[in-house]
Amino acid sequence: MSALKQDPNFKWLMRGGVISMLGDQLTMIALPWLVLKLTGDTLALGLVIALMSVPRAVFILIGGALVDRYSPKRVLMLSKYANAVLLGLLTVLVLNIGSAPTIALGESLSLTIALTPQLSLQLIYALALALGLAQAFGIPSGTSIMPLAIPREHLQAANGMLMGLRQLSMLAGPLVAAGLLAVAGDGGGGTSNGAITDARGLALAFGLDCVSFLLSAWTLAKVRPLIVAAAPADAQTAPAPQSVLRSVGEGLRMVWNDAPLRLCFIYWGTVALLIGGAMQVAIPVLASDLHGATTLGLLMGAHGAGTLLGMGVAAKFGARLRFAEFGVMILLVDGIAGLLLAPLGMVNAAWQAALLMLALGLLGGYMQINVFTWIQRRVPPQMMGRAMSIFMFIFMGLAPMSAAVAGWLLKYIALSQLFLGGGIILVLFAALAYLFTPMPSISANTA
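For what it's worth, my numbering labels the leading residue of the sequence shown as 11, then goes sequentially.
Treat the hints as calculated values from the structure; they're not laboratory data.
Accuracy of the hints is not assured; some may be wrong.
[What the hints assert, rightly or not] Using C-beta positions, here's what the derived DEER-type ranges look like:
#1 I434 - N267: 29 to 35 Å
#2 A136 - S451: 35 to 41 Å
#3 A182 - K15: 18 to 24 Å
#4 A182 - L236: 27 to 33 Å
[Unchecked claim] The calculated DSS-like cross-link candidates involving lysine-lysine, where the alpha carbons are at most 25 Å apart (straight line), are:
#5 K15 - K421
#6 K83 - K421
#7 K83 - K15
#8 K232 - K421
#9 K21 - K232
#10 K326 - K421
#11 K421 - K21
We put the CB at the ideal spot given by N, CA and C, even for glycine.
With the hints as constraints, model all of the structure from the sequences given.
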């Protein structure tokens, strides 16, 4: 850990990561609040979230292919600039909602556009779609740059520290955002003649996130990758670059041809489809049954604290806590998680649910560091973007389908039955994978 802290690449990645993470939290709070204050319509809010989520899941595989073609640093830098431009436009939009800015088209011709709430909402839809597209390229590049900038022996600790900071930002960021909106104005004055009154806080939140992307782009420019693709001796004899779709197909073939990667990705995809998304729906419903929004904050806070603790343990102790082969560890942790999940719907006190969520977060945080490090060590650098995009697609593409099914199931079964069934499925699936697949033989020590 001490050697890692002296690594200049790690220092710049840490600084940029902290700045960008805090900025992201401001937008995650301010954007839903803006839509609700502008329309009061939960359908509009859901559409904004969908417009950000769907293109991110659909295009993330293409983003991974472009990362491998043009380097993670280059694609990440462009995605940061794109996000900065979009958030700058969103800042201007919030400041001008309900006003009538004049656009000069010549010496004697001008055009006045009144930004009504309806027109503003349509512009927000377009910006949300563009932000989702930018994230489809930013996520695979951000998760691929670490093994190219940090020595292999430091990856476990580096992942633990960066992901721990991300988890910490998810705990502290919303509090900072809430304080900013409370002090500077959150649009709580309602609307007057089509304008949101007292929305300076919302505009400030988007503006600060815009600045955070510019600052993190500056810190990224200081990173010097350890592995740089060598230029061909004769540019005329260099092979023509593949098409993007062919490059995506090559990434899928790489994962499929690597038996341990194929087994793990199929396993994680099945778990995400059967269990992962369902919990996104079930936890808020559980909180509602146990006294409402305050309980939801308690449960998510407990899970976040457990995740942060698990990441810290993985980063600090690394291989010293590895009690079994990597594949066995995955299945054992999932089996324990299933046992903790099963009784979650039967508790009758918030503190009981919080303890279970704390334990689930601890297991998840510990395994998250180990899984990311294993993938980064196993995959060749020139395929890292595609491998990480496939991995992220599993959770961004499959989990929402599971969430939709869980919402439908809760119309016909009790919440306790959903948790019990989910826990039993997770335990049985881990046990079947242990008994009937080669997963137990997968080692953490890979070439």
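Could you tell me which of the numbered hints above are not met by this structure, giving the numbers in increasing order? 2, 5, 6, 8, 10 and 11
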